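K.L.:
So the chains spell out like this:
Number of protein chains: 2
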Amino acid sequence: MAQSHTSIHEMLKDTPTLNESNSAIHSGTEPRLKHPNSLALNNISAPATPTNSLASPLGDSSFIKSGAAKIDTLKNWSISTYKCTRQIMLEKLGKSSRTIDSELEAQIEQLRDTQRKYLQILRLTRALSSHFHHVVQTNRMLSEAFSDLAQKSPELQEEFMYNSDTQRSLTKNGELLLNALNFFTSSINTLCNKTIEDTLITIRQYETARIEYDAYRMDLENAKPEPTSPTVSAESQKNYDKHKENYEKLRADITVKMQFLDENRIKVMHKQLVLLHNAVAAYFSGNAVALEGTLKQFNIKTPNSASGSWLEQ
Amino acid sequence: MAQSHTSIHEMLKDTPTLNESNSAIHSGTEPRLKHPNSLALNNISAPATPTNSLASPLGDSSFIKSGAAKIDTLKNWSISTYKCTRQIMLEKLGKSSRTIDSELEAQIEQLRDTQRKYLQILRLTRALSSHFHHVVQTNRMLSEAFSDLAQKSPELQEEFMYNSDTQRSLTKNGELLLNALNFFTSSINTLCNKTIEDTLITIRQYETARIEYDAYRMDLENAKPEPTSPTVSAESQKNYDKHKENYEKLRADITVKMQFLDENRIKVMHKQLVLLHNAVAAYFSGNAVALEGTLKQFNIKTPNSASGSWLEQ
Chain A
33 MAQSHTSIHE MLKDTPTLNE SNSAIHSGTE PRLKHPNSLA LNNISAPATP
83 TNSLASPLGD SSFIKSGAAK IDTLKNWSIS TYKCTRQIML EKLGKSSRTI
133 DSELEAQIEQ LRDTQRKYLQ ILRLTRALSS HFHHVVQTNR MLSEAFSDLA
183 QKSPELQEEF MYNSDTQRSL TKNGELLLNA LNFFTSSINT LCNKTIEDTL
233 ITIRQYETAR IEYDAYRMDL ENAKPEPTSP TVSAESQKNY DKHKENYEKL
283 RADITVKMQF LDENRIKVMH KQLVLLHNAV AAYFSGNAVA LEGTLKQFNI
333 KTPNSASGSW LEQ
Chain B
33 MAQSHTSIHE MLKDTPTLNE SNSAIHSGTE PRLKHPNSLA LNNISAPATP
83 TNSLASPLGD SSFIKSGAAK IDTLKNWSIS TYKCTRQIML EKLGKSSRTI
133 DSELEAQIEQ LRDTQRKYLQ ILRLTRALSS HFHHVVQTNR MLSEAFSDLA
183 QKSPELQEEF MYNSDTQRSL TKNGELLLNA LNFFTSSINT LCNKTIEDTL
233 ITIRQYETAR IEYDAYRMDL ENAKPEPTSP TVSAESQKNY DKHKENYEKL
283 RADITVKMQF LDENRIKVMH KQLVLLHNAV AAYFSGNAVA LEGTLKQFNI
333 KTPNSASGSW LEQ
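Heads up: the sequence lines are chains A and B, in that order.
Our numbering numbers the first residue of the first sequence as 33 and each following residue consecutively.
Our numbering numbers the first residue of the second sequence as 33 and each following residue consecutively.
Treat the hints loosely; a few may be bogus.
Because identical chains cannot be distinguished in the list, a pair is counted as satisfied if it fits within a single copy or across any two copies.
Unchecked claim - Here are the simulated lysine-lysine pairs, DSS-like style, with alpha carbons at most 30 Å apart:
hint : residue 1 : residue 2
1    : 226       : 281
2    : 328       : 274
3    : 102       : 184
4    : 289       : 184
5    : 184       : 149
6    : 204       : 276
7    : 204       : 149
8    : 184       : 226
What the hints contain is simulated information worked out from the structure, not anything from laboratory work.
Note that the coordinates shown come from a computational prediction; the quantities given were computed from them, not determined experimentally.
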């Protein structure tokens, strides 16, 4: 709900420029300000302020046509924003009913939780990759320092040489592991910040649609006790139907999207977790062959294959 | 030579307090200011300035006695400092001969080079230890994050669990390796900054003694053409003999010290390099048993044994 609130405020930034507005935008909102709980809304109805600056009509006919279309958009947007803001406030105050789809909402909460947890894994593996990068750099420098000492210290040549070789081998394999780690973090990044995020954007649209639907549903319910104004009731019914349809379409959309996402997520995570485990296990058991095999298996470019074509050599 | 120069300046800081000085301190230095190359020395002869502040004799008899001893010390120090400074200047200007012991000086240069190279190894292994510490910390956090996900993701339980176990095992063995790395750096630190440094201090004393010896040797050589002043010649001879003896004693000292140091250094480095290699090789081949065995072999306390007595539990 907090996110829907935010997105409405973001919508405010995307409104048409102020000097194209029209006093007609009040037609939909003012008659409904009779609601007893509208106290908190008076200082929120910012979209009404544009009316103050419409004094000078600026344009030629095409401009006016385009302007009229924009005015229409602004009108609809204003009504919708007002209704949604009111609905959000009333829900927050506990004074309005909201449509609840427990199962779907639990799935959504689960998805958000999964994203949070995977982002935590992403942060940690990125940190691991960074720290490990420094280890590998130090391995390389140590290998060189030991090699230098081996050449200049006949009395300890063998000992320095052993250590130089070990550090060199760690450098080489460490770079392979770094490739695997970076492949892992890159894939998890795509999963979290593209794939899951894409579904969450639709979910936010669905959540906005749910608020709109509930807002027009409340409208309709409030309009019913007044049989003296059948046009208002018919308009409310039309709006209600339209928003109900949109809400149900988006609900169906996200249900499908979440199902596909789940299958995709499991596939990606399975692959990446197997890669991470195999690469880490191979590196830390000193199995260079298995490490290279793992990288090949996952089509990860090694430093050699990534170092450019033979033309550069 | 630069170091001898410095140490003489440091000696300046350790002079007796100024109000105990006596005009007698000039007796040894002024007659020798006839030297044609003393141009550069006039503004270096700082020890002569205290004479300006001796106007008020302050003390009782014991104070005077103690003062007299201190004056004597200052006198000798002033003469010596003057002579050595002059000798350093003359050597720098290429106007004085110096005693050269090529073999010993090569050994000394070799020792300084060894210290520099070992300090480089120390810096690198400390860096390795620090970076590796961060890797181990991240291993621990990753192990917990994976374990948490394994419990909450039945669809990927096995994959998360594998990774959690791997990271936990890396944490445990990583801590053992950190102990080995810290034992290595601690030992190399002692070797470089205590054992080798101790010999280098004696070497700096030897280098000062060499300058003093050369200074009094030059004195004696300059005094010889004047048979009219046999006392000066006799004093020069006495001083020369004394400083020659001191020089030869320190030369013998450092020859022995460097020999012992070399044996000690080889022993320490052999042990530490074997430890480092075995611990690193064991860790990076996933051989936890060998890693623990290496730590036991070198009497390195493990985190468990170092975590305090049972009383604290």
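K.L.:
Mind listing which of the numbered hints don't hold for this structure, in increasing order?
P.N.:
2, 3 and 6
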